[in-house]
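Undergrad: What follows is each chain in one-letter form.
Number of protein chains: 4
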Amino acid sequence: MERYRDIHKLMPSVRLKINRVGVKGVRKQLVRECNGKLEVLNVKINAYIDIPATLKGAHISRNLEAINEIIEESIKGKIHNLEDFCVELAKKLLEKHEYASNSEVTLAAEYPVNKKTPVTGFSTQQMYKIHVGAFVWKEDNEIKVRKQIGVEIEGLTVCPCAQELVKSHIREALLNMNLREDLVNTIIEIIPIASHLQRGKALLIVHVWEHEKVDFKDLIEIGESSFSSPIYDLLKRPDERQLILNAHRNPKFAEDVVRTMLKNFLEKYGGKLSDDTLLIAQQESYESVHGHNVYAERILTLRELKEEVNG
Amino acid sequence: MERYRDIHKLMPSVRLKINRVGVKGVRKQLVRECNGKLEVLNVKINAYIDIPATLKGAHISRNLEAINEIIEESIKGKIHNLEDFCVELAKKLLEKHEYASNSEVTLAAEYPVNKKTPVTGFSTQQMYKIHVGAFVWKEDNEIKVRKQIGVEIEGLTVCPCAQELVKSHIREALLNMNLREDLVNTIIEIIPIASHLQRGKALLIVHVWEHEKVDFKDLIEIGESSFSSPIYDLLKRPDERQLILNAHRNPKFAEDVVRTMLKNFLEKYGGKLSDDTLLIAQQESYESVHGHNVYAERILTLRELKEEVNG
Amino acid sequence: MERYRDIHKLMPSVRLKINRVGVKGVRKQLVRECNGKLEVLNVKINAYIDIPATLKGAHISRNLEAINEIIEESIKGKIHNLEDFCVELAKKLLEKHEYASNSEVTLAAEYPVNKKTPVTGFSTQQMYKIHVGAFVWKEDNEIKVRKQIGVEIEGLTVCPCAQELVKSHIREALLNMNLREDLVNTIIEIIPIASHLQRGKALLIVHVWEHEKVDFKDLIEIGESSFSSPIYDLLKRPDERQLILNAHRNPKFAEDVVRTMLKNFLEKYGGKLSDDTLLIAQQESYESVHGHNVYAERILTLRELKEEVNG
Amino acid sequence: MERYRDIHKLMPSVRLKINRVGVKGVRKQLVRECNGKLEVLNVKINAYIDIPATLKGAHISRNLEAINEIIEESIKGKIHNLEDFCVELAKKLLEKHEYASNSEVTLAAEYPVNKKTPVTGFSTQQMYKIHVGAFVWKEDNEIKVRKQIGVEIEGLTVCPCAQELVKSHIREALLNMNLREDLVNTIIEIIPIASHLQRGKALLIVHVWEHEKVDFKDLIEIGESSFSSPIYDLLKRPDERQLILNAHRNPKFAEDVVRTMLKNFLEKYGGKLSDDTLLIAQQESYESVHGHNVYAERILTLRELKEEVNG
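Protein chains in written order, with the numbering used here: chain E, 40 to 350; chain L, 40 to 350; chain X, 40 to 350; chain H, 40 to 350.
Do not take every clue at face value.
One copy or two, either will do: identical chains are not told apart, so a pair holds if it fits within one copy or between any two.
What the hints assert, rightly or not - Result set (DSSO-like, lysine-lysine): computed pairs, CA atoms no more than 27 Å apart in a straight line:
#: 1; residue 1: K63; residue 2: K183
#: 2; residue 1: K154; residue 2: K177
#: 3; residue 1: K83; residue 2: K154
#: 4; residue 1: K95; residue 2: K302
#: 5; residue 1: K83; residue 2: K168
#: 6; residue 1: K307; residue 2: K177
#: 7; residue 1: K256; residue 2: K48
#: 8; residue 1: K302; residue 2: K115
#: 9; residue 1: K240; residue 2: K275
#: 10; residue 1: K240; residue 2: K63
#: 11; residue 1: K307; residue 2: K275
#: 12; residue 1: K275; residue 2: K115
#: 13; residue 1: K76; residue 2: K345
#: 14; residue 1: K117; residue 2: K206
#: 15; residue 1: K275; residue 2: K311
#: 16; residue 1: K345; residue 2: K154
No lab work stands behind these hints: they were computed from the structure.
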């Protein structure tokens, strides 16, 4: 090919830095080794760098070259975690874009876990969404790396407020039958009290330093156990009945799910990570009695989490 | 502009008719007169025609011209229904594309209705989705017109099967308290029996001849009343409690919602429309105990509906 | 668990058949053997049956049991194609729902293919969407099976009409420079003529009998080669330039893409499949000069295709 | 209704503040007066507050009450801007949730503007997305208010880099015809040079203090004029040709669109707003030669914008 100007390197007519430039929604299949077993994952990748005010454009095709190269290394078994994949990719972006001072990679995937149903112990496969990433920047001639490990889990919430309203109705109805108050109380203790319930999703995201380890499977467990009940693709009848009984005995607002996730994370990882670990906990319920969703969110550092919960 | 060839009119290298060609997802704002009041609606329009095997391409910009012209007529108060808007547009498409033998227009909109909550009678605005359309074709030197009136409604379903499982549990638990069986039966009659419940959506679509009339507000009412309960944006506490009690006394499978919609449509419109009226009834529940949805559908003519229901 | 009524088996209050009832959007991971190599695919499954007018509800959990069982068989290497997975699943649904007369399974997946770029021959992975399915019904004491093989491909279209407008402008501009007409003609022959171009998607779907074979990779090739140009995740500069030159020399309306796909399918499969093979060919362009999309579609049998194309 | 406990007011088992809790995706229709004319808008609202560590749950139904009340005031003509609607709603949320220290409202709507096509001056309606919001908090016994005005615009980008590659090809081809170099240069000056082009979207969002004014129509104009070309629903042939010629003479990277938006905003609003005005400028191109999108973003204060641009 004959000579041509490299348009990207021109001085732009408006001299402004760009925070992020790159590719969004690149769909790829990754193969990674996990405990001696090959795992195959379909992922969606965003990969950005920054550029200085004096550069017209980023050489964006290098982002795809970098993605291809890291996929190759991944296949050769050199990368063991999705978040490490992001870290290696973000580092490579900084190498390839010599003018960039930071890079950012985020990656979404679906991951299957085999779960056993609560009563019959039937094994069924459930898919979870994984949201990992890496943020790499140059500081004092060093490369700094933060990585993200995050999961999105669906579960069931039973509304505690509506349940209380129904409970008062049942109490009144039973008292109107001239049942003794202590018998009424016992009945109300024993039976599940109806409420409104719904599927919802929770997001639990952790930002840590490169050397720190968070297993996304732990986050799935923490998130799933913070709902009124986990959900299952397949429920045999004894399972379905028990799930409904359990859920009604464990009503949760969206706020409760968020708080429980954070407390459970503190118990599992509080002693293992630095205080500047960043935590994002969100829950969104697809309200069954409304056309809109209910949403709760807390963003805080591990230090703040320790202080608020313990102090 | 100087002369150029009209590429559309060329003979295509592959001589095949095209069933549908046109524009998809054209977003516009319509103004229409409704009972002396101006209504403003944001709509999304698809507008297609067919072309013969001997024509390389349709003059698609004519579809946009047609849309613009009908919007103008609509503003002048000449069009009173969304489905008539589609009919006029589909007819105009046939005029503008002299080579076409049929045309099809579909249009989606959101429509607000004020609803009163069940107990406190509080008035709150609810948005519904409208799906209308027109199918126009030339037959025996005549223009034939079918029009579509359809609505999408969200509502609440309570699972009858899970409720039965919970009921048997409650019965056993109460009998274990050494309560008399007739007392147990009375209690079970009186209290709401917990189950799983969820938001879901229903679609009710009707295809009729041009001269026939179906009011989409009737379809909203038919659809909404076919769920275990309607849902509301705003519920004060007495409303929320009553809604939950009502819904638990009216459990519905997706199949039940579909059947009830069709039966209710038959009662309201059975005597007013031709037997070849086509009906599409669908319900999809966002299952609260699973990660997937449950779906039921029936497509039939009014004749079949009459025969099956009346025996 | 104590005794309870099987609510599904009750007589419904409205006696109407249900065409389709089942699960929608079940996300699973499949493992299948393909040429001695294990392939892992994340899929989204819909699985429906019909039920008679006398049955209140379908036992929908059986659909999940069936999915689980077929996934197990798939892992054991007994299923070699995604469409066979659907066929086996649809047959199993009919077995498990003894009251059903037909079943339907559709499945969507993403599939990676390594492609070489046009000039440098760089190998880059591209993901494609696969849409397969099975339709099984009882007829004359036999089980009839239709299966669906379908693909969705993104590619590039260059508008032939806009290109002609630009060509007439260039011709005029060059003639105004007092260049000789034959020189002007030669220049116009040689240079790529600007137009508007855009990414778009094509859908090519085939319905055949159980014993007939269609390879979805052939459909990907047929679909991709019907655009003005295929697209690539990664293009080095010589590739990008050549792609643009090639595309501008191969302008295509949406109608052209649809017709070319069908003609190419006819050439590849015309002699191998029955005349009642059903073909669905669609193309949708994300128009770069408009806010809406342009859409073209042809649905026909292989018999009709042969008759129209061969005259 | 008999007495019951207010569950929301209980002490939560995990004592953690919640940053945001409320409703997401509430769809409503607003009527507002604009220059003596009634405007009707369909909107989607999110409305959140924070709650202290000592409160189990927010009384979320109050958010819907607040929305209903502000809609009523809006109908009475008391609210003239979508962002003021958000401000009033956010203030009311703080009043109704006496335990909250801040509130946040965001609102999305579609807005029609009549545009004239570039050559024939044909008037055609185009829909734009509006993203407004309000952030209200208590500080030193005062209520502080930031408001957001933002727009999302679709437009056309022509790739400058690919155009340069094609230009070098054309130059070489013309030189190979033994044309003189100055003639070749003139031809290349005069004709539009092909490239790849595509639809894309830009987002321009501004955060200002309550008393400051930004007209979203100005943002639409700024955003739209920052692309290689605006797009239109309807283009007659002379319009389409001119649009393509103009766009090819104005190639833009995503980075260029972002920088141009910011520079144009500075020119229009630089002297009217405080230096702590926050600006978010994003552009995403639906690349026509790739399956993914290209994305560029700059977030900065007006002070930084002035310093960087003016040097």
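Undergrad: All hints are to be evaluated individually against the structure, with a verdict given for each.
TA: Going down the list of hints, with the structure as the test:
{"no.": "1", "hint": "K63 to K183", "in the structure": "within (23 Å within a copy, 36 Å between copies)"}
{"no.": "2", "hint": "K154 to K177", "in the structure": "neither (43 Å within a copy, 35 Å between copies)"}
{"no.": "3", "hint": "K83 to K154", "in the structure": "both (25 Å within a copy, 19 Å between copies)"}
{"no.": "4", "hint": "K95 to K302", "in the structure": "between (47 Å within a copy, 15 Å between copies)"}
{"no.": "5", "hint": "K83 to K168", "in the structure": "both (11 Å within a copy, 14 Å between copies)"}
{"no.": "6", "hint": "K307 to K177", "in the structure": "neither (32 Å within a copy, 35 Å between copies)"}
{"no.": "7", "hint": "K256 to K48", "in the structure": "neither (44 Å within a copy, 34 Å between copies)"}
{"no.": "8", "hint": "K302 to K115", "in the structure": "neither (39 Å within a copy, 42 Å between copies)"}
{"no.": "9", "hint": "K240 to K275", "in the structure": "both (23 Å within a copy, 25 Å between copies)"}
{"no.": "10", "hint": "K240 to K63", "in the structure": "both (24 Å within a copy, 13 Å between copies)"}
{"no.": "11", "hint": "K307 to K275", "in the structure": "neither (32 Å within a copy, 40 Å between copies)"}
{"no.": "12", "hint": "K275 to K115", "in the structure": "between (42 Å within a copy, 24 Å between copies)"}
{"no.": "13", "hint": "K76 to K345", "in the structure": "neither (37 Å within a copy, 49 Å between copies)"}
{"no.": "14", "hint": "K117 to K206", "in the structure": "neither (57 Å within a copy, 43 Å between copies)"}
{"no.": "15", "hint": "K275 to K311", "in the structure": "neither (39 Å within a copy, 45 Å between copies)"}
{"no.": "16", "hint": "K345 to K154", "in the structure": "neither (31 Å within a copy, 47 Å between copies)"}
Checked against the numbered hints given earlier, this structure breaks hints 2, 6, 7, 8, 11, 13, 14, 15, 16; the rest are met.
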